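Enquirer: Here's the letter readout for the chains.
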Amino acid sequence: MPSVIPHDSVGLVTPQVLHFSEPLPLACGRSLTEYDLVIETYGELNENRSNAVLICHALSGHHHAAGYHSMEDRKPGWWDSCIGPGKPIDTRRFFVVSLNNLGGCNGSTGPGSANPATGRPYGADFPVITVEDWVNSQARLADALGIAQWAAVVGGSMGGMQALQWTISHPDRVRHCMAIASAPKLSAQNIAFNEVARQAILTDEEFHGGRFYEQNVVPKRGLMLARMVGHITYLSDDAMGQKFGRELKTDKLNYDFHSVEFQVESYLRYQGEEFSGRFDANTYLLMTKALDYFDPASAHDGDLAKTFAAAKADFCIMSFTTDWRFSPARSREIVDALIAAKKNVSYLDIDAPQGHDAFLLPIPRYLEAFVSYMNRIAV
Amino acid sequence: MRADLDIIKDWIPAGSRVLDLGCGNGELLAYLQANKQVTGYGLEINDENIKQCIRRGVNVLEQDLDKGLGNFASNSFDIVVMSQALQAVHYPDRILEEMLRVGRECIITFPNFGHWRCRWYLARNGRMPVSEFLPYTWYNTPNIHFCTFEDFECLCRELKVKVLDRLAVDRQHRHGIGSRLWPNLLGEIGIYRVTGPSL
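As you go down the protein sequences, you meet chains A and B in turn.
Once you know that position 123 of the first sequence is 123 in the UniProt record's numbering, the rest is easy, because the numbers rise by one and skip nothing.
Once you know that position 107 of the second sequence is 107 in the UniProt record's numbering, the rest is easy, because the numbers rise by one and skip nothing.
Be aware that one or more of the hints could be misleading.
[As the list claims (entries may be wrong)] Calculated lysine to any residue pairs in the SDA-like style (CA-CA distance at most 20 Å, straight line):
id, chain 1, residue 1, chain 2, residue 2
1, A, Lys342, B, Gln33
2, A, Lys342, B, Asn75
3, A, Lys342, B, Gly70
4, A, Lys312, B, Gly70
5, A, Lys342, B, Arg174
6, A, Lys306, B, Lys67
7, A, Lys312, B, Ser74
8, A, Lys342, B, Arg17
9, A, Lys342, B, Ser16
10, A, Lys306, B, Gly57
11, A, Lys306, B, Ala73
12, A, Lys342, B, Ser76
13, B, Lys67, A, Lys185
14, A, Lys342, B, Ala3
15, A, Lys342, B, Ala14
16, A, Lys342, B, Phe146
17, A, Lys342, B, Arg101
18, A, Lys306, B, Asn71
19, A, Lys185, B, Asn71
20, A, Lys306, B, Asn75
21, B, Lys67, A, Ser327
22, A, Lys342, B, Ser74
23, A, Lys342, B, Tyr136
24, B, Lys36, A, Ser327
25, A, Lys342, B, Asp78
26, A, Lys312, B, Gln37
27, B, Lys67, A, Lys312
Keep in mind the hints are simulated off the structure, nothing from the lab.
Predicted model, so just to flag it, every value in this text is computed and none were measured.
Using the sequences provided together with the hints, build the complete structure.
Expert: Structure below.
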């Protein structure tokens, strides 16, 4: 709980819900007849409407990226280290828009929302959403906010994929793209981890084929396992070693299978437990599918340079040395394609021991580079 | 602007696509972008330099020259520049070949170890030259492959690299009659414009 709001915080913020009643056609062939998007905004839109920055969230993210909802909040928004007055995305200069993606479980229309056709929760009937679909829904959001062109679209991990997709789908509507700890498509290993997570959920008895809402149960075990396996990929071997090592929670080994003995077990269980209480199982399935399907080059014979041919944005790509979920090599694939496509691009590989999670952390070199790039963006 | 860069900037035609290896704080590319409609990228590994490039709006890529230029397509740049970095790479011959593969022309600048002051220092003290211009001692220097103008031109002949232009200058980037007549003795910095054997 912040007894006082820090001076470099956006302060107390209130989400708002925007309703869209024009049907949104989706990549799967279906469409959403109407939908809500929940957003937060920080800073002021300038007179020319030229200072808007869109924040795209990662797998388990949402619209609450910065500031506090109340003085009782334990923690600020998920990217508070990067958004606020004097921070890399400086809210004194930029008007920041952060949303919860379609299919989410934090207020935007998703599997837990009522299907207008039936009045019951969508559940498994919610269409599979792709990164392209998200970007199209975000374009509608931009229209609704009167933003013809983003000064920048920024995101880490899955958020970076959306930022990249923006430059491909709507080249005239984004001046700068910042994709951090991201990838141009998932590897077989990435998909494999996602599949393990999905199987954990799908085989949970309480999942009920996605219709668990009506049974008043939650597939907690499945979600917990999904989060546990995911979490392993967010940290580096070193980071885990440093945080937990082989430290025990108990004073001796129990020679059984049900005790929580190692600190790392306890940590993963806590993470899984906490996550299963706040996240929706169907949303988790959707988000991982969107990740698996993301492959913008597939529409251009697998040629990523051709895929970016029409892009007009300037790019800033960053990776972290110990990230093995989306390793620096994945970022360099993006960079090489942008070079081949003759686009403006800068690339930094930040030395950081934390693994994939580094993009959320206040690492000095990362934040300084971030500030430098954001400051050069004319508004 | 640094002496050699001040001369290089005039050697690069307007509108060129330039790759600057070891671009430092990006001052050359920033100048070329602003004044000669040049596009391109700088490669750099020093954090402070990278930040300055970003601030200047120069495209900078964090990439180690010693790992090669394999990510750049052949003939994808008009000019590849490498200023004051040749002596610091692990394999100057390989990087030179790589530069000629990636660019149509290359501009290379490097300190001349054959300059009379270096020769005098070594002859008189029997020790590796240390000066204001080359302030490192042998064990901590990033400059691991010093050469003289003669050495460099010999490598060019071996690799069948054609020297299109060369200039020997001193630190104040003067290129007087002395350094024109006896470059390998009187020139402190060499500036070479070269092209590959196929052209």
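Enquirer: Hints first: check each against the structure and report whether it holds.
Expert: Against the structure, the hints come out as follows:
Annotation: proposed proximity of Lys342 (chain A) to Gln33 (chain B) holds, straight-line Cα distance about 15 Å (limit 20 Å). As the CA atoms of Lys342 (chain A) and Asn75 (chain B) are separated by approximately 13 Å, the hinted pair is consistent with the 20 Å bound. Taking the CA atoms of Lys342 (chain A) and Gly70 (chain B), the gap is about 16 Å. The hint holds against a cut of 20 Å. Between Lys312 (chain A) and Gly70 (chain B) the CA atoms are separated by roughly 25 Å; this puts the pair beyond 20 Å, and the hint is violated.
At roughly 36 Å between alpha-carbon atoms, Lys342 (chain A) and Arg174 (chain B) are farther apart than 20 Å, so this suggested pair is violated. Annotation: proposed proximity of Lys306 (chain A) to Lys67 (chain B) is violated, straight-line Cα distance about 26 Å (limit 20 Å). With a CA separation close to 24 Å, the supplied pair Lys312 (chain A) and Ser74 (chain B) exceeds the 20 Å bound. Proximity of Lys342 (chain A) to Arg17 (chain B) is assessed by CA-CA distance (about 9 Å); at most 20 Å being required, the pair is judged to hold.
This hinted pair checks out: Lys342 (chain A) and Ser16 (chain B) have alpha carbons roughly 13 Å apart, not beyond 20 Å. For the hint linking Lys306 (chain A) to Gly57 (chain B), the alpha-carbon distance of about 24 Å lies beyond 20 Å, and the restraint is violated. Under the criterion of a C-alpha separation no larger than 20 Å, the hint pairing Lys306 (chain A) with Ala73 (chain B) is consistent with the structure, at around 14 Å. A distance of roughly 9 Å separates the Cα atoms of Lys342 (chain A) and Ser76 (chain B); the hinted pair therefore holds under the 20 Å criterion.
Using a Cα cut-off of 20 Å, the hinted pair Lys67 (chain B) and Lys185 (chain A) is violated, with the two alpha carbons roughly 25 Å apart. Between Lys342 (chain A) and Ala3 (chain B), the direct Cα distance comes to roughly 30 Å. Violation of the 20 Å bound is thereby established for this hinted pair. For the proposed pair Lys342 (chain A) and Ala14 (chain B), the alpha carbon gap of about 17 Å is at most 20 Å, so the pair holds. For the proposed pair Lys342 (chain A) and Phe146 (chain B), the alpha carbon gap of about 34 Å is over 20 Å, so the pair is violated.
In summary, the hint linking Lys342 (chain A) to Arg101 (chain B) is supported, as the alpha carbons are separated by about 18 Å, within the 20 Å threshold. Of the supplied pair hints, the one linking Lys306 (chain A) and Asn71 (chain B) holds, its CA atoms being roughly 16 Å apart against a limit of 20 Å. A hinted pair counts as satisfied when its Cα atoms are at most 20 Å apart, and Lys185 (chain A) with Asn71 (chain B) qualifies at roughly 19 Å. Under the criterion of a C-alpha separation no larger than 20 Å, the hint pairing Lys306 (chain A) with Asn75 (chain B) is consistent with the structure, at around 18 Å.
Proposed proximity of Lys67 (chain B) and Ser327 (chain A) is supported: the alpha carbons are some 17 Å apart, at most 20 Å. Distance check on the hinted pair: Lys342 (chain A) and Ser74 (chain B) sit about 14 Å apart at the alpha-carbon level, within 20 Å; holds. Our distance criterion of 20 Å between C-alpha atoms is broken by Lys342 (chain A) and Tyr136 (chain B), whose separation comes to about 38 Å. Restraint check for Lys36 (chain B) and Ser327 (chain A): not satisfied, since their Cα atoms lie roughly 37 Å apart, outside the 20 Å limit.
In summary, the hint linking Lys342 (chain A) to Asp78 (chain B) is supported, as the alpha carbons are separated by about 13 Å, within the 20 Å threshold. Using a Cα cut-off of 20 Å, the hinted pair Lys312 (chain A) and Gln37 (chain B) holds, with the two alpha carbons roughly 17 Å apart. The suggested pairing of Lys67 (chain B) with Lys312 (chain A) is violated, with an alpha-carbon distance near 30 Å, which exceeds 20 Å.
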